[in-house]
Structures are given as structure tokens and as C-alpha cells.
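Those protein sequences? They're chains A and B, same order as listed.
In terms of numbering that gives the first Met the number 0, the first sequence is residues 0 to 319.
In terms of numbering that gives the first Met the number 0, the second sequence is residues 0 to 292.
Worth flagging that the hints you see were computed from the coordinates, not collected in a lab.
Among these hints, one or two may not hold up.
[Claimed, not checked] Coverage of chain A stretches by chain B, computed from C-beta distances (three or more under 8 Å per stretch; other residues unrestricted):
1) 108 to 114
2) 120 to 134
3) 172 to 185
4) 246 to 260
[What the hints assert, rightly or not] One side of the interface only, derived from the structure: several residues of chain A facing chain B at Cβ under 8 Å:
5) P27
6) L57
7) L104
8) A105
9) L288
10) L289
11) V291
12) G292
This structure is a prediction, so every number in the text was calculated from the model and none was measured.
Where is the CB? At the ideal position from N, CA and C, for every residue including glycine.
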Amino acid sequence: MSEASPAKAYALHLGAIALLFVLSFLLPEYYHGLLARIMVLAVFAMGYNMLFGYVGLLSLGHAMFFGAGLYGAGLAIIQLGWSVPAAFTAGLGCGAVLSLIIGLLALRSTGVAFMIVTMMFAQVFYLAILYFAAWTGGDQGMVVPQPARVLTFGGTSLDLTNPTVRYMSALALFSLVLLMMLAIVRSRFGRVLVAIRENEERTKMLGYDTFSNKLAAVVVSGTICAASGAAYALLFGYVGSSFASVQYSILPLLWVLLGGAATTLGPLVGTLFMYYVIDVTSGYTSAYLLIVGIALILLVLFFPRGILGSIRQRWLGWLP
Amino acid sequence: MHFGPHLLLAALEGLVTSAVLALTALGLSLVFGVMRVVNVAHGEFFMLGAVLAWAITTAIGGHPALGFLAALVIAPLIVGAIALIAERLVLRRLNYNPEATIVATIGMLYIIQQLALTFYGPEARPVEPPFSYRILLPWFGYSGYKLSVIAASALLLIATWLVLTRTKIGLIMRATQYDSETAQAFGIPVGRVYGGVFALGAMLAAIAAVLIVPISQAHYLMGQDPLLLSFIVVIIGGLGSLRGTVVAAVLIGLSDGIISMFFSPTLAKIIATLLVAMVLVFRPQGLFGTASR
Numbered sequence: 000m001s002e003a004s005p006a007k008a009y010a011l012h013l014g015a016i017a018l019l020f021v022l023s024f025l026l027p028e029y030y031h032g033l034l035a036r037i038m039v040l041a042v043f044a045m046g047y048n049m050l051f052g053y054v055g056l057l058s059l060g061h062a063m064f065f066g067a068g069l070y071g072a073g074l075a076i077i078q079l080g081w082s083v084p085a086a087f088t089a090g091l092g093c094g095a096v097l098s099l100i101i102g103l104l105a106l107r108s109t110g111v112a113f114m115i116v117t118m119m120f121a122q123v124f125y126l127a128i129l130y131f132a133a134w135t136g137g138d139q140g141m142v143v144p145q146p147a148r149v150l151t152f153g154g155t156s157l158d159l160t161n162p163t164v165r166y167m168s169a170l171a172l173f174s175l176v177l178l179m180m181l182a183i184v185r186s187r188f189g190r191v192l193v194a195i196r197e198n199e200e201r202t203k204m205l206g207y208d209t210f211s212n213k214l215a216a217v218v219v220s221g222t223i224c225a226a227s228g229a230a231y232a233l234l235f236g237y238v239g240s241s242f243a244s245v246q247y248s249i250l251p252l253l254w255v256l257l258g259g260a261a262t263t264l265g266p267l268v269g270t271l272f273m274y275y276v277i278d279v280t281s282g283y284t285s286a287y288l289l290i291v292g293i294a295l296i297l298l299v300l301f302f303p304r305g306i307l308g309s310i311r312q313r314w315l316g317w318l319p
Numbered sequence: 000m001h002f003g004p005h006l007l008l009a010a011l012e013g014l015v016t017s018a019v020l021a022l023t024a025l026g027l028s029l030v031f032g033v034m035r036v037v038n039v040a041h042g043e044f045f046m047l048g049a050v051l052a053w054a055i056t057t058a059i060g061g062h063p064a065l066g067f068l069a070a071l072v073i074a075p076l077i078v079g080a081i082a083l084i085a086e087r088l089v090l091r092r093l094n095y096n097p098e099a100t101i102v103a104t105i106g107m108l109y110i111i112q113q114l115a116l117t118f119y120g121p122e123a124r125p126v127e128p129p130f131s132y133r134i135l136l137p138w139f140g141y142s143g144y145k146l147s148v149i150a151a152s153a154l155l156l157i158a159t160w161l162v163l164t165r166t167k168i169g170l171i172m173r174a175t176q177y178d179s180e181t182a183q184a185f186g187i188p189v190g191r192v193y194g195g196v197f198a199l200g201a202m203l204a205a206i207a208a209v210l211i212v213p214i215s216q217a218h219y220l221m222g223q224d225p226l227l228l229s230f231i232v233v234i235i236g237g238l239g240s241l242r243g244t245v246v247a248a249v250l251i252g253l254s255d256g257i258i259s260m261f262f263s264p265t266l267a268k269i270i271a272t273l274l275v276a277m278v279l280v281f282r283p284q285g286l287f288g289t290a291s292r
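Bound conformation, chain B alone:
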């Protein structure tokens, strides 16, 4: 294969990563933007989505598309419910103090990971894709499912953006993000908004995981890389900015796909992490964000 098609393949793989990353990072960004909570357990909600997708498709059986669609609906709902319970029982009682919530979400990370290991086991298990149509390009065949992941993610991102900017729920969320005390004074149930946002953030991660699990398998440690990458995306995009998050996800996903096709993945990770840390040190508002407060 020549360099051009090779690059196209790397770019396509990178776009699939970007699509999933954008959804996951959007969840993290919403939670941070509205609640000012850094959710370290976010990657575990992602992992939980993938593991539940495996459990649901196995339980339903039959045609793979049937199980997959069921997983796409049920897994995020279960993950959202778990997140909501965690928010009610723990985060709310901490008054969303930034440092205490980080420690608490680290605790959640360990609990969820250990429970997944105990009940699901250390194996990586595959989920069959709902369809296995291959699109033939002049140079190579490419999985139609992977392209549909990109499309599905784009649709979800647009839907989230519409909800945030065009509906009353979005208005309430933005008001809470802007100034929670004033929002409270205007009769917005800030506590319920926080609960909803935390659940929504976890559900976005779970949806991303269900989409990716037919491509990469479900494993109890699979939440770590998405967590770190989401942090990177959210930081580069500017904490709490939706547009920046999407742009940064495409940027990171593409460069990750291309760099790791031509260089050692560990080296790529070292360079990316170091660069992001430097961005955070020298430009804390992110590359696209504006200085806040």
C-alpha cells in the first residue's frame, strides 16, 4: 500500500477514535462545566457501558442487531441510574467541594473496577457488530460499522448541542453553569439539575462505550485510556466549552490514529501527555477557551 492510502486508513481509524472520544469527553466536560466536579470515575462509567453491552447482547441472543439495539438503549440507562445514585449518596453530601469530590470519585473508580473484575472477570470479551457490511474503497475495504459509529456520534453531538442551546432544559443547565446561586434564587432546582447532569455525563460515556465495543472488546480495565484522553480533550478544548471539546476530540483522535500508526504508541502517549500538561501549565483556559472568572 502506498503512503496516501495508508494515511487515509490512519485518518479513518483516527476519526472513529475521535467520534467515541468526543462523546466521552463531552460527558466529562458537561459535569465539570455545570457542577465544577472533576469526575475521575468517568472512565469506569465508560467501562460499565461496554461490560453491560456484552451482558445484554449475550442475554438476548438471536440476531446481533437486536441485542446491540437493546444494549444501546438499556446499558446507558443502567449506567445513568448508577451515576444518579452515586451523586445522591456521595457527591451531594460533600457539597460538591472540588477536592473532596475528586477523592470520592477515585473511591468510586476503585469500587466499580473491582466489582467489574469480581463479577465480569479479567477476560476481554467481544460483542458482535449489528451488521458486517464492508465498504469497498479503491485501495482497501473498510468496515461499514466503523463509519456508522462516526455518523451516530456526530448525530448525538448535534442533538446534545441542540438540547443545550435550543430547549428549556438546556437553558436551565446553562443558567446553573453560569451562576448556580442566582439560578437557585430564580427557582431553578439546582440540586436536581446537578443530579441530571451527572447522570447524563455518565450516559454519554456509556453510549460511546456501546458504540465502540463491537470494534474493541469489553474489558474491566478499558476505562483508563478514555479517562486520560478525555481529560486531555477537555483541557485542550477549554474546561466546560462544548465546541472546543469537539474540535479537540477530532484533533486528538486524528493525531493519535496517525502518530500511533507510524510511531511507537507509548512514545505517542508520552509526547501527548507532556504537551497537554504544558498547555495546562502555560495556558490554563485551554487552547480554545477564554479566561474565566
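Bound-form chain A, shown alone:
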């Protein structure tokens, strides 16, 4: 996080985006689809990282923000018949409003209580989806029909079910959020967040309003997660309650820990690596939760900084 090399940092991020762009033309079909999904979920992880990595708030309820985007967009398109951009905006709006409410309530608690409170609000959200099964489809979920997933600008229309369009849309969202994260981290706001993580009392003493900064971080984080959820509903066409379950609150934590908390590229690396490990091991065993469990324990025991965090500590001090 040194001042020295903004150019290097931007070059690295643009390089990563360019690499993902080129990969679109090189990858075989199966990995092409998988990577599109990973990029969307990496956005979810980046949203989580914003709060966990930079502010140091461990939330166990981020599935509700992903779910808010997923259901906000999904319900708007299925039940109300909205167009793709309107549905995406609806998803973002749901995430922003929900994260504002949750932030106002949950930020009154700290430490362990914050984790349990966020977990419980997420559980309420999940149960509410099951309870209102008449609209949400309950635990069966809903499928977004193919004709509804077409984006039209004037004369041209983009079919989001087409693999190339889907990949490029995922990449566009991913790149936008990645560059935004880089800008936030380097901004005054980002530095205040890190100061809060390191020593909240001192930051307060220096005259910063820590509560509103934390609240802003929760809203930005929740909205990014909702963007990921909304994109998931539109690109992959499935809206299901399992995405709002506790497991989907734990997964972004795992991805971020694995890739490296408080690194901009860490969420992508972590998501990519975890999917790679599951893909390789699924040849031998179907017990993928076992791998998730072992990975979590090994990470906190031996690599609490994650992959990119360890690289930054050892070799590349300038890594943002």
C-alpha cells in the first residue's frame, strides 16, 4: 500500500483484465462458461473484501446482499416483466437499501456480536424467501426465461444467454468493480477505512466520523455484492434460495481469505483457486464441503494473509 507506484498497480490490473479478455478466445467451452461464473462470483468476493479486508468487519451474512441483488433483479424480470437494465438497477437498489438498513442496525454491535447479528439478519432474509414461496418459488427457486434475458439498445439486441456475450458482460462488470476498488483503496475514504481497521479509537480521536465511514463501507460493499447477484440472475438465469443460505455467506469469506484479504486482486485469485481445487478434486470425491472445511482451517492456521497477502509481504510490497 505504498505511494510509490500507481502506474505499476494500474498496469497490473489492466494486464489482468486484458488476460481475462484474451482467455475468452483460447479457453475450451467448459472452462469458458466456468470462468464467466467465477468472474461474477469474484465481484461478490470483492464486495465482501471491501468490508472484511479494509474495514476489518467480519460479516457472516453477506449472502443476503447477494440474494437481494439476485431476487431484486429476478423478481423484477419474472413477476413484473421489466427489461434487463431496469431489472439490474432494481437489484442494485434492493442491495443498497438493505445494506443501509442492516448497516444502521448491525454497526451498533462490534466484534463477535457483529458476526452473529449479521448471520441472524441473513437467516431472516433466507427464511423470508422460503416463507413467501408464492412469489419467490421457495426452495425450488425460479428460472429466468431465455427471451427475457435479451438486452436491446435501439436497433441492436444482445442475447445474454450467448456464451460470448455472457463472458464479455461478466468481464465488463468485473473490470468496472475491480478498477473501482483500486480507486477506492487509493482514495482518502479507503485510507480512513484502513485507519479504522488498525485503530478505531485513534481514528475517532483524529476527528473522523468512524460510524458514517463504516456505514458507507457497508453500503458500498452490499451494493457490489448485489450487483454480483443481479448479474448472476441475468447471466445464468437461475434465482434460488440456496444462494441466500449461510453457506453463501461463508464462501466469500473463504475466497477472500484464500486470495488475500485487503488486496484488490485477492478475491479473484481466491475464487479462481477454490474453483480449480474443487474441479480437480471432484474427479476423486464428491465431498467438496470437506475440502472447503479443511481449506478454511489450514488457511487460518498457516496462511492467515492468503496467497496475494503472503506474496505482498515477502516480495512485492507495492501490491495494492
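Given chain A's structure and the hints, the job is docking chain B onto it.
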């Protein structure tokens, strides 16, 4: 059936839930109180107790009471041993850092759950109750076994309370809870106390599971509801307070029994979870606890 007897039945069912919940939550509360560790894998120790009870009763066969008594002794011991190993290998090395231990216990949750699925399977399996005596009330017959569960749980709770307040072991545990550094300075082996408390917490959950398994069957996902309910009980009772835990368990168990008899269980869960989250937000020390630190 009239409203009165209906309510009595709901209250009895609620008391059975409370009895099991109090034991499970007490385990969670002890671990949190003494070690400041939030054990997310607590529900899986509960599930493990139930699954082991099924395995032991099936292996022994013969009269159901024989297998059940064996399960009541052996299952908690095995679960305690597993917890002790987990504590030694993982939690101790993390220096009981609150956030790292939460992540680690989430890992344990997944490992135990997946292993149970792999070796035990996805089916729910019944365990025969040790006796099937029915007590005839004027309005309906009620299972004598369920009433004995309430009695057994009450006895265990009193025993735990006596150990905590009247014995040297209890004194050592309370000293560690109060101030672990000073306790260490006075020659208390804090590391061993932590290991023992973690094992004890898991054993309480396992005993509760063995007691409940003749009523509800053993299943590899059965640890989730007790975990959430235990959290609720421990939070409402005040983190680390024994008396509050028991009072809250009776309160939650009874209201759960009564509400879910008259309303949709999902709605009951939504309301209960939301209320508890609000308690935690606006009164973090719990309804019965006093502000700490």
C-alpha cells in the same frame, strides 16, 4: 380436544425442547464464557452425539435400554475426545483469537458434516427409546420417556451448577473465566482448563442429542437448528451466564412449542430470529446479563 389440553400438550412438547436446548446451549455458553470462543461447530457435536447413539445401539442390539445406556455413556466420551483433539490441533494454535477461531470452527462444521454424510449417509434413522411407558392424563396419553428427558436434563443442569459453584474444578474454571492471565500467574494450567472446557461443552451437546434421538431421528443435518437456537438462548440469557441460559432455554423452548403448534414454523423462526438480532443490537449484554468489561 379443547384449547386447555391443547395448550398443555404444546407446553409439554415445549418443555422437552427446552430441556434439550438448555443442555446444548449450556455447552456453547461455557465455551464462550471461559474461552471467549464462539464455537460454530457446536451443532455438529450435537449431531455427532445422535449419530453415534444410533451406531452404538445398532451395534449392541438386545434390549433397547441396554444399547441406550451404553450410548449415553460412550457417545459423549467419543465426542469429547474429538473436541479435545480439535482444540489441541487447531484452536490452541490460533491463540483463541475470536475471529480466527470462528473461521476455524466453520471449517470443522463442514468437515464433520461431510464425514457424517459420507459414512452415515443422508437417511434419517430412528433409535428405539429405552422404555415405552405411557402416562395417561385425563385428556391424552403422554410418553413417559419424554418426561424422563426433562427430568434427566434438570438433574444434569443441577449437577453442572454444583460442579461450577461448589468444587475446586469449578473454582478453577471460574477463575480462568474471570481473568485468565491472573489465573495463570497463580499456577492454574489455563491451557488444560481450556481443553477441558471445550471437551465438556461438546459432551453436553452430545448428551442432549442422545437424549433427544429416540424422539426425533438421527440425521446428518440435524445440528443446524440446535446451533441457531443455542445461539439465541445464549444471547438472550447473556453470554456466559448459566442461570440466564437456563431461563432463556425454558422461555425459548416453551414459546417455540406453543407458537409452532398454532402458527407456521417458518414464520415463528423468522420472528424469533429477528427479535433476537434486535436484542443483540440494542441490549448486547442480554436480557438477564449485566454489562461486562
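Hints, one by one, checked against the model:
1. Only residues whose C-beta sits within less than 8 Å of a C-beta in chain B count toward coverage, and the segment 108 to 114 of chain A has 5 of them, enough to reach three; the restraint holds.
2. Using a Cβ-Cβ cut-off of 8 Å, 7 residues of the segment 120 to 134 of chain A lie near chain B, which meets the minimum of three, so the contact claim holds.
3. Given a C-beta distance limit of less than 8 Å, the hint that chain B covers the segment 172 to 185 of chain A is violated, as 0 residues qualify and 3 are needed.
4. Chain B is given as covering the segment 246 to 260 of chain A, and this holds because 3 residues of the stretch bring a CB closer than 8 Å to a CB of that chain, at least three being needed.
5. Using the Cβ-Cβ criterion of 8 Å, the hint placing P27(A) at the interface with chain B is not satisfied: the shortest such distance is roughly 30 Å.
6. Interface restraint check for L57(A): the shortest CB-CB distance to chain B comes to about 5 Å, inside 8 Å, so the restraint holds.
7. With a least beta-carbon distance of about 5 Å to chain B, the hint placing L104(A) at the interface is held under the 8 Å criterion.
8. Hint status for A105(A): holds, given a least beta-carbon distance of 7 Å to chain B, under 8 Å.
9. Evaluation of the L288(A) hint against chain B yields a held restraint, the C-beta minimum of about 4 Å falling below 8 Å.
10. Interface hint status for L289(A): upheld, as the beta-carbon distance to the closest one in chain B is roughly 4 Å, under 8 Å.
11. The restraint placing V291(A) at the interface with chain B holds, with a minimum CB-CB distance near 5 Å, inside the 8 Å limit.
12. Hint status for G292(A): holds, given a least beta-carbon distance of 3 Å to chain B, under 8 Å.
In terms of the numbered hints stated before, the structure departs from hints 3, 5, listed from lowest to highest.
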